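Chemist: With these hints in hand, go ahead and build the complete structure from the sequences.
Line order of the protein sequences matches chains A and B. Start counting the first sequence at 1; every next residue gets the next number (the numbering used here). Start counting the second sequence at 1; every next residue gets the next number (the numbering used here).
It is possible that part of the hints are untrue.
Because identical chains share one entry, a pair is satisfied inside a single copy or across any pair of copies.
[Claimed, not checked] Derived pair list, reagent style DSS-like, types lysine-lysine, alpha-carbon separation capped at 27 Å:
id: 1; residue 1: K219; residue 2: K40
id: 2; residue 1: K52; residue 2: K40
id: 3; residue 1: K374; residue 2: K163
id: 4; residue 1: K32; residue 2: K49
id: 5; residue 1: K169; residue 2: K392
Don't read these hints as lab results, they were simulated from the structure. This structure is a prediction, so every number in the text was calculated from the model and none was measured.
Chain residues, written in single-letter form:
2 protein chains.
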Amino acid sequence: MISLGGGLPSSAYFPFDNVSVGVPGDNLFSEKDIHEYAQKVTIGMHDMKEGKSAYDLSVALNYGQGSGSPQMVRWVTEHTEIVHNPPYQDWAAVMTVGSTSAFEMCLRSFCNRGDYFIADEYAFCSAIEAGRGLGIEAVGIHMDSEGMIPSHLDEVLSKWDEKERKAPKPFLIYLVPTGQNPTGSTQGTQRRQEIYAIAQKHDLIIIEDEPYYFLQMDKYVQGGSQSNGSSVTPGSHDEFLKSLTPSYLSMDIEGRVIRLDSFSKVIAPGSRCGWLTTSSKICERLMRHNEVTVQAPSGFSQAILFKLLDEHWGHGKYLDWLVHIRKEYSTRRNIMLEACEKYIPREVATWTPPAAGMFLWFKIDSEKHPAYGKKTPREIEHEIFEAVVDQKTLLAKGSWFFAGPEGTDPGVYLRATFAAAEESAMVEGIRRFANALRVTFGLPAQA
Amino acid sequence: MISLGGGLPSSAYFPFDNVSVGVPGDNLFSEKDIHEYAQKVTIGMHDMKEGKSAYDLSVALNYGQGSGSPQMVRWVTEHTEIVHNPPYQDWAAVMTVGSTSAFEMCLRSFCNRGDYFIADEYAFCSAIEAGRGLGIEAVGIHMDSEGMIPSHLDEVLSKWDEKERKAPKPFLIYLVPTGQNPTGSTQGTQRRQEIYAIAQKHDLIIIEDEPYYFLQMDKYVQGGSQSNGSSVTPGSHDEFLKSLTPSYLSMDIEGRVIRLDSFSKVIAPGSRCGWLTTSSKICERLMRHNEVTVQAPSGFSQAILFKLLDEHWGHGKYLDWLVHIRKEYSTRRNIMLEACEKYIPREVATWTPPAAGMFLWFKIDSEKHPAYGKKTPREIEHEIFEAVVDQKTLLAKGSWFFAGPEGTDPGVYLRATFAAAEESAMVEGIRRFANALRVTFGLPAQA
Chain A
1 MISLGGGLPS SAYFPFDNVS VGVPGDNLFS EKDIHEYAQK VTIGMHDMKE GKSAYDLSVA
61 LNYGQGSGSP QMVRWVTEHT EIVHNPPYQD WAAVMTVGST SAFEMCLRSF CNRGDYFIAD
121 EYAFCSAIEA GRGLGIEAVG IHMDSEGMIP SHLDEVLSKW DEKERKAPKP FLIYLVPTGQ
181 NPTGSTQGTQ RRQEIYAIAQ KHDLIIIEDE PYYFLQMDKY VQGGSQSNGS SVTPGSHDEF
241 LKSLTPSYLS MDIEGRVIRL DSFSKVIAPG SRCGWLTTSS KICERLMRHN EVTVQAPSGF
301 SQAILFKLLD EHWGHGKYLD WLVHIRKEYS TRRNIMLEAC EKYIPREVAT WTPPAAGMFL
361 WFKIDSEKHP AYGKKTPREI EHEIFEAVVD QKTLLAKGSW FFAGPEGTDP GVYLRATFAA
421 AEESAMVEGI RRFANALRVT FGLPAQA
Chain B
1 MISLGGGLPS SAYFPFDNVS VGVPGDNLFS EKDIHEYAQK VTIGMHDMKE GKSAYDLSVA
61 LNYGQGSGSP QMVRWVTEHT EIVHNPPYQD WAAVMTVGST SAFEMCLRSF CNRGDYFIAD
121 EYAFCSAIEA GRGLGIEAVG IHMDSEGMIP SHLDEVLSKW DEKERKAPKP FLIYLVPTGQ
181 NPTGSTQGTQ RRQEIYAIAQ KHDLIIIEDE PYYFLQMDKY VQGGSQSNGS SVTPGSHDEF
241 LKSLTPSYLS MDIEGRVIRL DSFSKVIAPG SRCGWLTTSS KICERLMRHN EVTVQAPSGF
301 SQAILFKLLD EHWGHGKYLD WLVHIRKEYS TRRNIMLEAC EKYIPREVAT WTPPAAGMFL
361 WFKIDSEKHP AYGKKTPREI EHEIFEAVVD QKTLLAKGSW FFAGPEGTDP GVYLRATFAA
421 AEESAMVEGI RRFANALRVT FGLPAQA
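Modeler: Put into structure tokens, the structure is as follows:
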């Protein structure tokens with residue numbers, strides 16, 4: 001067959017011959033080891049024709065399919081089966097350019113302007129903003145240390161008055177069940193089962209956005225000395241997988257879950273590559289959406305990820321990498337929590353040790369503030385934020401993540417991350433935050 | 001300042017040390033030369049800190065800005081100034097994940113469901129489909145060999161009846177002025193000036209989507225022997241740039257043009273990277289759009305393109321590459337046109353030699369078909385398409401690109417591309433297409 005049909009350029013006109021990437025040697029995962037013992041993997045222009053690889057630049061760098069490259073779709077499908085094993089037959093995966101885009105695609109595909117979707121009362125701000133851009137507001141549900149409270153979710157839905165709200169009852173629920181941004185909360189198995197049951201009762205579609213799923217950590221023991229990185233290393237891949245809280249996808253017997261996975265937190269955000277898993281019918285629609293918008297993730301990203309994940313590592317060694325990353329974040333969390341125990345005045349600020357992710361959420365008791373009653377919670381929050389900046393430190397304001405009605409005054413919260421700062425800077429940052437709290441609340445300086 | 005604010009992962013957790021790319025040596029642009037004389041450029045994790053480069057993996061692979069990487073924005077801005085030099089001050093550029101996505105962003109940002117946008121009567125099908133997904137239909141304007149006919153555009157807008165159409169008068173016009181897909185037509189300078197004047201009269205925003213802009217070719221001389229690649233090589237970069245038909249952006253004295261550029265046809269489609277140039281006010285809005293959707297192009301793509309375009313080539317050598325690509329496509333076009341002159345029965349099929357791009361558009365005289373009057377034009381088109389497939393060759397149906405009202409019957413057209421098939425296969429493909437026409441129209445076989 002001679003094709004004069006499609007408008008694909010010839011790969012003879014791509015100004016590249018190959019792409020080589022320095023990737024980690026066997027279990028040599030520290031930054032120093034990656035640099036010193038990097039192994040080179042190479043993607044040639046015609047590796048497929050030459051029988052060298054299942055993927056090459058001539059394909060990766062040309063136009064592809066709306067599903068993403070079949071090679072990557074195959075890999076993420078296998079990975080999803082290993083980790084989640086969805087309990088129904090006709091599920092499928094489609095590649096995305098990241099979960100923010102994937103969530104926005106879902107909003108566009110399921111909702112109309114004026115609709116509402118359900119979210120945690122404090123939620124990922126880009127998700128809230130994506131909705132606002134589409135005229136779709138979030139309805140924030142109250143949270144506790146395990147995230148969304150099922151009884152409040154049921155109450156809001158049961159009492160929904162379409163006339164009063166001028167909108168149909170919401171049927172889309174957005175969750176970050178593990179290491180939620182910004183609160184750091186993780187829903188336990190029972191919490192997930194309760195929410196799934198409410199989704200069945202009210203016929204909801206659950207979007208589970210899980211960038212931090214593999215950053216599930218050991219339980220933090222207060223006062224323990226855990227900052228030396230002595231996190232428990234699982235004895236086997238199976239033990240590691242069993243230690244993870246089951247996903248909504250793994251309990252989805254009715255095809256009502258859309259799971260968003262991302263390489264951003266476990267490989268690199270700049271890959272702009274993730275995937276979405278749900279029933280094949282919904283996948284097909286979202287693939288069509290890709291075709292007239294982003295088309296597919298970058299071919300450079302897909303080829304490099306495939307080379308690393310499939311041909312260099314395989315599924316087992318990728319799990320080893322995840323165990324490594326999880327351990328690193330556990331150590332960072334422990335360092336920050338120990339600094340909090342040492343410095344933060346508990347009479348004005350409290351926190352729950354996060355079981356996953358990269359965020360620590362401080363609840364501030366604004367009633368202890370000298371100007372309580374005269375200043376609004378938002379004003380007190382701003383005063384603390386500014387006092388922290390005066391100490392040359394940055395935290396995120398809780399109100400930036402508030403998903404409740406605009407204008408209503410949330411409680412006072414601040415979010416810190418243990419993701420990026422050097423370890424000594426993290427401790428110093430918490431010390432400065434504590435100082436700022438003492439100044440703002442008129443407490444004596446720490447001895 | 002210690003930041004515990006943003007949720008950026010540490011680059012210590014990216015499982016990469018460096019990315020190396022084999023790129024063309026000095027003016028060694030053929031596929032064989034690229035392979036044999038590839039030069040290696042390397043992007044390290046911390047090249048910026050080490051003073052080795054203006055960009056590195058620690059930045060490119062982390063979260064970036066909605067505008068795209070400042071390094072790439074700087075490069076495309078310089079390139080745009082060199083090539084188009086927009087005649088007003090406050091223009092700006094923002095990176096996109098390709099022009100299909102960029103156009104869809106514009107539709108979403110400017111139009112409401114139920115609106116119309118203006119397009120050529122035969123237009124890029126993904127643009128039409130992107131609109132349909134949003135409930136925004138195209139209004140197709142008649143075309144001649146130079147694309148959109150200004151008088152018909154003016155007539156449609158002047159006679160627009162908001163009540164009858166149940167929609168406001170369209171103000172967004174979508175054009176592929178150079179090597180248009182599917183018709184291969186290129187608007188001359190005067191045509192562009194006339195359309196710009198109508199845009200001023202009716203206060204239109206012009207979206208010029210120009211993936212084929214640099215694939216402008218020498219004039220084709222019928223019966224000449226040009227398939228030996230003897231296209232004129234310009235004597236200087238300046239001569240090359242002057243040989244290009246001026247863009248709408250270059251004549252935009254009122255900030256009403258949004259130009260979409262793409263690396264897909266001149267570097268590689270799989271880069272999923274392009275940019276958009278317009279007034280800084282519109283750019284700011286589209287950057288916000290990026291922030292809650294795609295965020296930015298892949299960091300692998302941006303880093304590799306920056307390394308190639310800025311640090312390996314610079315602007316001049318990139319123009320050399322464009323001259324090379326243009327020459328390659330000229331040669332391919334000439335080969336296909338000479339095959340057409342040799343084989344195609346002109347009594348039933350006619351074509352205009354394209355001045356740019358990668359498409360050749362055949363107008364079929366359906367009145368010559370034995371079943372004319374009994375079969376609709378679409379049925380005749382389908383019969384030809386199937387006859388071509390019987391000859392083990394593929395062309396694209398014209399009706400796939402029809403932007404007129406659904407159900408109306410367009411004329412009969414077929415599109416061939418000279419982009420990808422081997423040169424001998426192109427000639428054979430045209431010969432088979434000619435055979436299929438002879439069979440369908442009951443003409444005697446060629447001697």
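Chemist: Out of the numbered hints, which ones does the structure contradict?
Modeler: 1, 3 and 5
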